[in-house]
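Protein chains: 2
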Amino acid sequence: MVRTLVIDTLKKTGQTVLLKGWVNARRDHGKIVFIDLRDRTGIIQTVLSPELAGSLHPEDVVYITGLVKLRPEKLINPNISTGQIEIEVQSAELISKAAELPFDMGSPTLNVELPTLLDHRSLTLRHPTVRDIFTLQSAVYQGFREASLKLKCTEIFTPTISASATEGGAEVFKVQYYDHSAFMVQSPQLYKQMLVPVFERVFLMSKAYRAEPSVTTRHLSESTQLDCELGFVNFRDLLDALEFVGKNTLKYVTKTCHPILDRFNIPHPNVDNIPRLTMREAQKIILDRTGIDHTTEPDLMPEDEREICRWALETHNCDLVTITHFPTKKRSFYTAPDPKNPEFSLSYDLLFRGMEILSGSQRIHDHDELVAAIESRGMSPQNFKMYLMAFKYGMPPEGGFSFGLERLTMQILKLANVREASLFPRDMERVDFRLS
Amino acid sequence: MVRTLVIDTLKKTGQTVLLKGWVNARRDHGKIVFIDLRDRTGIIQTVLSPELAGSLHPEDVVYITGLVKLRPEKLINPNISTGQIEIEVQSAELISKAAELPFDMGSPTLNVELPTLLDHRSLTLRHPTVRDIFTLQSAVYQGFREASLKLKCTEIFTPTISASATEGGAEVFKVQYYDHSAFMVQSPQLYKQMLVPVFERVFLMSKAYRAEPSVTTRHLSESTQLDCELGFVNFRDLLDALEFVGKNTLKYVTKTCHPILDRFNIPHPNVDNIPRLTMREAQKIILDRTGIDHTTEPDLMPEDEREICRWALETHNCDLVTITHFPTKKRSFYTAPDPKNPEFSLSYDLLFRGMEILSGSQRIHDHDELVAAIESRGMSPQNFKMYLMAFKYGMPPEGGFSFGLERLTMQILKLANVREASLFPRDMERVDFRLS
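As they're listed, the protein sequences go chains A and B.
Residues in the first sequence are numbered from 613 upward in steps of one, following this note's numbering.
Residues in the second sequence are numbered from 613 upward in steps of one, following this note's numbering.
Source of the hints: derived by calculation from the structure; they are not laboratory data.
One thing to keep in mind: the hints can contain errors.
Copies of the same chain look alike in the list, so a pair counts if it fits in one copy or across any two.
Mimicking DSBU-like on lysine-lysine, the simulated pairs with C-alpha atoms at most 30 Å apart in a straight line are [to be verified]:
1. Lys709 / Lys997
2. Lys764 / Lys681
3. Lys624 / Lys643
4. Lys762 / Lys624
5. Lys623 / Lys762
6. Lys764 / Lys624
7. Lys709 / Lys941
Make a model of the complete structure from these sequences and hints.
As structure tokens, this is what we get:
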């Protein structure tokens, strides 16, 4: 018999089906046993005799043959999608026996602390509310891809091992590379810029490694970064592209994952009519609204990001807001200063519900200006030879942006910790297991 | 004026257009100057007065305004897609001045040796025949994605930093991870298997790091790996999935990149009616055809792969052939032995035009059998705790396959060296520049 997926049983009332999955929970009621069977599409109640149920217990892999029956009205379970039906089991074949679980996995929510969640990661990921996070994460990437392809970007595959620290700074992981020392890249930034003269418009998914000895709820040592970079563009083109990608990624996630958003009690995002403000304009609005004067601060504080997002929602009915013109000194060396006022830069952040989710800038595309910018940060142009070569031989005006996949997943689902948004998070204390 | 892409000038005869791109070549003919302008969509001839042409030279970024004119019949260039037209230039604005090139980039083929090609990678990638390789590479990945999505696989994002060597073996890169030592993964194999009980079917793109001190034409220290892994499958399901992905990836590449295949003189692949042979059957056919007796060898030799592909093409008109049942000892520990003859395994390779391009197997899914397999290879189950946890709590029958993106790109385009199929290849001697 061909396998029927749990979700497809809804169309097969009165038929005998073969289901394959895991025991999600077992309830013994004297002469009958209820087993909730889980597969990738859902959970369904099956009804067995104690003989058939045998010693089946949670996470056993089982193949069940049975009749799809409508439940009596009063036994309908509105909390699961197959709640109107159940399976009258004819045979149950144990395929793979599970060990006794260290904690209950059969409840609608998984009540374990973060260390336990991560110590048992290859078990806890199976829980439907944990799995939901990563189903949505795959949709974030797919939405990003589709938006990038619509912008006519070509996908590229960049290296993660580098001869020098990508963007300056000491917080890089060192790798023993044959008889030499090399580094894991902090971002694919320099490589994507080098490919503008090749494809003009590129996008990519890559890894970003950050060795800051940080244990905050926002920090991962290894994260997944999504990037776009576009040539022959001015600042306005870049803002349009940034908002196009941000908006369409969120739209795709909403369209394909609205049941997950609903299960997490997340309102569907409003992403049209995105307001644009300079950082100084945003600080002025915050002063007017709250009386708190951050108008001379060199950056938005976390509470400023939250306040300006409240403003955007109230005045523009939009969950996104674009902030531009951050101080040149606060951004990376390749960021183009605003020619009208070089103290501020042609940079931008896209904020979503209180947090920055995409960030980028127009870049310096003149070779000599770029060399000067590298030197002004106390770095040596010698360490950027392959990068500078792209500028030496004719680089058009260009810019781009990037975002962290785990961080955006966290922000969309309002997770408390970015580690919950990484399948196997790496941090200062953990590589699958706690480092001793 | 809005920019017109080179390819779109074909529809604009008699109109004035703004083109943006690079000087691909310059030819001075007394009172007129020809400049071939290149952008991401093609090359077009422009005609300028010496005054307008000024000192423009190869790789300068230039914005050109001019009239699109049909060329006289006898001046049509059949070798470029815009060969029937040219641009009568009205103005030329230099946007970014390029330094003098170290070698000619304006010819249809780039005649430089591999070290030169790589020493100037951020320049040489611009050459249309080099760029073609990576346009096709992006199509390989897109074709793989579409096939994987059709198989209902969920995309996953797996870590590259690991606490222990993934699949045994000493040839791993060691990374200084805060106060600890960690390793770069040899493949995402163990992680994708751990996600079968979560999503049942997964696919991913990731990095594979191999520290073999090898300088062959097939070896990269860092490569891009594409993977699928499927649960609730038997050996036949896996062969079907393998061939579905292999066939449809090649079909997508042929459909979207046939002009590139034509430029590289590569015949379009025949991918239907893929024959299946066990390794022993293949060796027998090779003996019958060539008189060379490899029927007791534990693997196919490179010349065997070429011969059996010739056989597949001659007898089945197919550029692909699936080989199964390699000796258990020759495959990784997680490979399931054939229950009918455990000396051979439920493994498979998909060969394409003389070389293996996809490889995989049915996996051992029983926890205790897997522990025994690890121990039988002299490894410690302690190093596989998170992996084994996935099997301890109920793993269905499962298997999968993977392929190297650069290697498949190399094989499709018949490149001489896999380094040509990596944007920025990492090998024993090179990280962008030659390691001293």
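Give the relationship of Lys764 and Lys681 under a CA distance limit of 30 Å: within one copy only, between copies only, both, or neither.
between (51 Å within a copy, 27 Å between copies)
Copy assignment of Lys764 with Lys624, given that the CA separation must stay at most 30 Å
Close across copies (21 Å), not inside one copy (44 Å); limit 30 Å.
Between the shortest in-copy and the shortest cross-copy C-alpha distance, which are at most 30 Å for Lys709 and Lys997: within, between, both, or neither?
between (57 Å within a copy, 18 Å between copies)
Is it within, between, both, or neither for Lys709 and Lys941, if the alpha carbons may be no more than 30 Å apart?
between (59 Å within a copy, 27 Å between copies)
Are the CA atoms of Lys623 and Lys762 at most 30 Å apart within a copy, between copies, both, or neither?
For Lys623 and Lys762, only the inter-copy Cα distance (22 Å) is at most 30 Å; the intra-copy one is 37 Å.
Should Lys762 paired with Lys624 be assigned to within, between, both, or neither, using CA atoms and 30 Å as the limit?
between (40 Å within a copy, 23 Å between copies)
At most 30 Å between alpha carbons: which applies to Lys624 and Lys643, within, between, both or neither?
Classified as within; 26 Å inside a copy, 81 Å across copies.
Checked against the numbered hints listed earlier, the structure breaks none of them; every hint is satisfied.
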